[in-house]
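*Asks:* Protein sequences, first through last, are from chains B and R.
If you're matching positions, the first sequence starts at 1 in the numbering used here and goes up one per residue.
If you're matching positions, the second sequence starts at 1 in the numbering used here and goes up one per residue.
Careful, some of the hints might be misleading.
[Said to hold, decoys possible] Taking lysine to aspartate or glutamate and the EDC-like style, the derived pairs with C-alpha atoms no more than 20 Å apart in a straight line are:
| hint | chain 1 | residue 1 | chain 2 | residue 2 |
| --- | --- | --- | --- | --- |
| 1 | B | 130 | R | 175 |
| 2 | B | 108 | B | 192 |
| 3 | R | 317 | R | 427 |
| 4 | B | 94 | B | 70 |
| 5 | R | 317 | B | 52 |
| 6 | R | 317 | R | 271 |
Don't read these hints as lab results, they were simulated from the structure.
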Amino acid sequence: METADLTHHISRRFNEDLERVRSRVLAMGGFVEQQIHKAISALLEGDSSLGEAVALADHQVNNMEVSIDEECSRILATRAPAAGDLRVIVAIIKTITDLERMGDEGEKIGYIASRLATMERPVDKYREIKHLGRIVTEMVHAALDAFARMDADAALQVARQDRLVDEEYEAIQRQSITFMMEDPRTISRALDVMWVVRSLERIGDHAKNICEYVIYMVYGKDVRHTALEDVEQALGQRAPIAAPQEGGAQ
Amino acid sequence: MRPGLQALGYAASRVALAALAGVLAGAILGRPWLGMALALAGYLLWHLVMLYRVEWWLQHRSVADPPEARGVWGTVISLIARLHRRKRFHKLRFVQLMRQLQQSTAALPNGVVILNEQREIVWFNRMAARLLGLRPASDLGVRIENLLREPAFGHYLHKGDYANPVVVRRSSPQDSYLSVQLVAYGDGQQLLLAADVSRQMRLEAVRRDFVANASHELRSPLTVIAGYLETLGQDPALDEDFAAPIAEMRRQAARMNSIVRDLLELSRLEETDERAGGEPLDVPALMALLRRDVLARPVHPGEVRVRNDSQAALIGKESEIHSAFANLVDNAAKYTPPEGALEMRWWSDRDGGHFSVTDTGIGIPAEHLPRLTERFYRVDPGRSRATGGSGLGLAIVKHVLQRHGAELEIQSTPGKGSTFTCHFPPERIAAEALSDTP
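Next up, chain R with everything else stripped away, as it sits in the complex (with noise of 0.2 Å):
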C-alpha cells in the first residue's frame, strides 16, 4: 500500500505542476484558463495512451514486454508483471507435479482406473490396461461394468460392500485371476484398484490338492491299522499287559480317522467357492435329531434343550448344514459337564434365520476368540486332544456358513459357558415360512 500511496501523491502532485505550469504559460498570453485546460487536457492525453498501452501490453503479454513508464503506471505495471511472474511459476510447478503424479500411477505395478459417479471410465493407467484388457482413449466414458462383465464383479457392485476386494476369474483374453477392488473417493468418484492373483490362485490351487489327496491316501491304510487293533483288541488270548496300550491305539487310530475325514470334508468344501444351493430345510426336525445324537453319547450334558421360535424353513445344502450344525453342537456337548445344560434354538426376524447352540461348559477366554475358526487351533492343547476333537469342526463350520452367506458369532464367558450363532441371511430363509412370523 505505501508504495502505491507514494506514486499517487507523487501523481497529484505532478497534475497540480502540470497545471500551475499551465495558467502560468497562458498568463504570459494573457489567457491563464486555456493554458492550464490545455495542460491538464495533455496529461489526460498521456494517461490514455498509457491505457491503451497497458490494456494492449495485457492482451499480450505472453509475446510483449511490458510498456516502459514512469511514475504511477510504472507502479502498476511492474505489479502486474510481478503477479503474472509469480503466477506462471506456480502453474509451471503444478503442472510437474501433475505430470510427476500421472507418470508415478501409470508406472504402478497394479491396475488403477478412475470411475465416476456412473462407474464410467475417466482416466486408468498401463497396468489396468493389460489386466482389465482396456483399450486408451476409446473406452474412456464406457460403464466398467459394461467391459468387466464377470458376474462375480456384477454381484460384487450389486452388494455395494466394497471394503474388501473380490476374485474374478477372466477367461479371455487369457485364462487369469484378478483382484478387484472399488474405493470411493472425492465427489461421488471411484478408484477401481486391480491386481493379478493368477499365480497365488494356483498356488492356493495346489496346497488344496496336495491336503485332498493325501488325506485321501491315508485313509486305506489307517482303515487296515485300525481294523486289525479291533481284532487285537477283542482277542480273548491277548496279554493283560496290552490290553491298555491297544486301547489307547485304537482310540488315536479312531481321532486320526476323524481327522482325516473332516480334512477331506473341508477340501471339498473348499474346492467350489460358490455359493451352495438347496432346498428348503427343516430345521427342528435337524434339531431333534442332532439332539438324539447328544444323548446318545456316553458322557453327556444333563439336560439338552430345543427351542423352536419359527415355522420358518432354511434353504440350504442338507448334508453341509447338518454337518455344520452337528460339529457346533458336539463341540457344546463334549465342553459340557454332565451337571451342566445345552440349549439349541432356531428363530428368524427381519435380518434372516438363527440357529444358535448356548452351553454352560468351560466357556473361551476371550484372546482366542478371533482364532477360533483357524484349523487345527487349540485353546488349551493337552485337553481338546484328550476330548478327541480333530481341530476341524469350527473350520468346517465357517466354511460351511460362508457358502451359504451367513455369519458366525461366538460369546463366551470363561467358567460360565457360551453360544455359538449362526445367522443366515433373509433370502435363505423360506418366503412363504417366513410371513407367518412377526
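For reference, chain B alone in the conformation it holds in the complex (with noise of 0.2 Å):
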C-alpha cells in the first residue's frame, strides 16, 4: 500500500516532513472532533458556558489551519515532491480547509448551544440531534482513522454514510415543519435547531470530502461529483451494501 511507498523514501528527511505534517493534520482533526463533540454536548445539556468556551476556541482551528497550509507551501516550495508524495501533500491541503469549515460548524453550534441553554428545553430534549450527532461524530472519526490509515476502502465506507445523514436532515427538517405548525411559539427554538442539524450535516458533507481525498491519495483517482457505485466500480470492488442511488450528494 501507500504507506509502505511513504517508508522506503530516498530522502529520510523529506520522509519525516512529510509524516509530521500528516500527523499535524490529525492532531488538527483530533481537536475539531473534540469541538464538535463538545458542542453538541453543551447543547444536549444545556451548559452555556461550555457553548460558549467552544465557541471562543475556534481561532485555535483556524491558526492550525494556517499553519499547515504554510508547512505544505514550504513541502512544495523546497522539496518539489512529484507523484504519491505530491498527492499526500494536496490531499493534505484539501483536507485542513475541509477540517477548518467543521471547526466554523462546530463553533455555530457552541454559540446556539449557549443561547438555547437560557430557554426552554423541548420535551423530548434534542433526541433527534443527539442520534444526528453520534452518526456525524462517528463519521469524522473514521474519516480522520482512514486517513491515518490511508485505508481507502474504509474511507469508502464512511462515504457512504453520508447517504444516512442527509436521510436523516430531511427526516429532521419535516418533523421541525410539523413542530412549528402546531405551535408557532415554538419557531424560534425549532429555527435554531434547524440551524443546529443543518450545521452537522454540513459536518457530515466535509467528512465524506476528507474521504474523497483519501480515496485519491491512495489511488490517485479523483473521485469527487462521482456517484458511489461508479467510485466503487472503478475501484474495482463490489458494494457490500444495497447501493445508494445518488452518492455525490455536493
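Hints given; two lone chains; assemble the complex.
*Replies:* Below, the structure written as C-alpha cells:
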C-alpha cells in the first residue's frame, strides 16, 4: 500500500517532513472532533459556558490551518514532491480546509447551544440532534482514522454513510415544520434547531470530502462528484450493502 | 580437550600404522615407497569421504541422522551432534517462554502497546485493540498519535513528562474515559499502557454533583437562620442570658456560610478540569487590594508589606486568582499575631512568575505540609475552628493553581513562620512585560 511507499523514500528528511505534517493534520482533526463533540454536549446538556468555550476556541483551529498550510507550501517549494508524495500534500491542503470548515460549524453549534441553554428545553430533549450528532461524530472519527491508516476501503464506507445523514436531516426538517405549524411559539427554537441540524449535515459532507481525498491519495483517482457505485466500480470492488442511488450530494 | 587429544593420538598412530603396512606390502613387491604412497592416499581418501559425509549431514542435519564413523571423525561428529541437541533444546525453551509471555500480556486487563522511537505501533494486545480501536496487523507501523488524536494526549506527548498518566476522553467509537501512560524502556522504545476509567470518572462526577447540589440546597436555610439570628441579636428586649449564646450561634452560622461558599467555589473549579484562559492581571494592584483587606480585619499583623519586583503581568482568570491569593493572605493574617509581620511579594524570572506570602506566624510542623491542601485537613483542630476557617482555602488555592499550570510551594518553620509561594510557568506571564526584566 501507499504507506509502504512513504516509508522507503530516498530522502529520509523529506519522509519525516511528510509524516510530521500528516501528524499535525491529524492532531488538528482530533481538536476539531473534540470541538464538535463538546458543542453537541453543550446543546444536549444545556451548558451555556461549554458552548461559549467551544465558540471561543475556534480560532485555534484557524491557526492550525494556517500553519499547516504554510508548512505544505514550504514542502512544495523546497522539495518539489512528485507522484504519491505530491498527492499526499495536495490531499492535506484540501483536508485542512474541510477541517477548518467543520470547526466553523462546531463554532456555530456552540453559539446556538449557549443561546438555547437559557431557553426552555423541549420535552424530547433534542433527541433527534443527539442521534444525528452521534452519526456525524462517528463519521468524522472514521474519516480521520481512514486518513491515518491510508485506508481507501474504510474511506469509501464512511463516504457511504453520508446518505444516512442526508436522510436524517430531511426527516428532522419535516418534523420541525410539523412542530412549528402545531405551535407557533416554538418557531424561534425550532429555527435554531434547524441551524444546528444543518451544521451537522454540513460536517457530514466535509467528512465525506476527507474520505474522497483519502481515496485520491491512495489510488490517485479524483472521485469527487461521482456516484458511489461508479467509484466502487472504478476501484474494482463491489458494494457490500444495497447500492445508494446518488452518492455525490455536493 | 582430553578425548580430543586421545582421538588425535589415535589418528596419528593409525597414519603411522597405515604407512608402515604400506611400506611392508610394498617391500614384498620390491616397491616400498609406492606401497607407502598408496596406503597414505587410501587414508586421505577415507578422510575426504568422511569430510564429504559430515558436510552433507551438517547441510541436512534437520532430517538426516549423523553418519556412522569411528576414530577422530566419530568424536567430531558426536561433539557436533551434542552441541546441536543442546541448541535445539534452548531454542525450544526460548520459543515457549516467548509464547507464554505474549499470551500473558495479551490477556492483561489493561491495554498494552509497544511503540518504537518514532512512536509507531510495533505490537499491541487484545485489550489495547478494544480500548483504542486499533486493528490487528494493519495498524502496525502507524504513529500512535495519528490514531489517538485527542488533544489531551497530544499535550501529554508534547510536554514529555510521562510520570503520571493522562486521562483522555474518547467520543468515538464509544464515549469513554481512558487513562493513558507512556513508559520508556530499552533503546528508545516506549510502552503505552491504557485502562478504562469511565466508571471512576462517572463516580467522581456523581460525587461532585452531590457536593455542589448539597451546598446549594444548604444555602437558603442558612440565610434564613443567619437573618433571624441577626435580628434576635439586635433585639434590646432580649434576655441578657441569651446574648452570649446568640452571638456564638451567629459566629457559627457565619462559619457555615463560608464553608458552603467555599464548597460551591471548589465544585465550580472542579467542574471543568481545563486550563483557565484569561487576561493580563495587574498583580501589584491586586496586592494593594489584599493589603487593605488585611488591615481592615479587627485583629491584624502589625506590619503588612507589599514588595513588587516585577513589571510583568500575570495571565489568568481574575476571579480565580483573586480568590487564591486572598485565601493565602487570609491564612497568613489569621495565624500571625498582632506584633508579627506579613509580606506579599511578586517577582518574575526565567522560570516564570512567582507570588509569595510570608508571615511570622506560628508555622506548620513539617509532617503536616504534604497533606495541607487536602479538604478539611486540620493541623490543630482546636485552634483552626476558633479562627473560623472553612478548611477549604488551600484546596481552592491548589485547584486554581492547577488550572493555571502553576505550583504551590510551602516552606515553614514552627514558631518562626511560613512562606507560601505560587510558581507560575513562563507562558502565564505577559510577553511584552517580561522583556523589561533582566
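*Asks:* If a hint holds in the structure, say so; if it doesn't, say that too.
*Replies:* Structure-based check of each hint:
Our distance criterion of 20 Å between C-alpha atoms is met by residue 130 (chain B) and residue 175 (chain R), whose separation comes to about 13 Å. A threshold of 20 Å between alpha carbons decides the hint, and for residue 108 (chain B) with residue 192 (chain B) the separation of about 10 Å falls inside it, so the pair holds. Taking the CA atoms of residue 317 (chain R) and residue 427 (chain R), the gap is near 14 Å; set against the 20 Å cutoff, the hint holds. Distance hint between residue 94 (chain B) and residue 70 (chain B) is fulfilled; the C-alpha atoms sit about 13 Å from each other, no more than 20 Å.
Distance restraint check for residue 317 (chain R) and residue 52 (chain B): the Cα-Cα separation of roughly 16 Å lies within the 20 Å cut-off, and the hinted pair is therefore satisfied. In summary, the hint linking residue 317 (chain R) to residue 271 (chain R) is supported, as the alpha carbons are separated by about 15 Å, within the 20 Å threshold.
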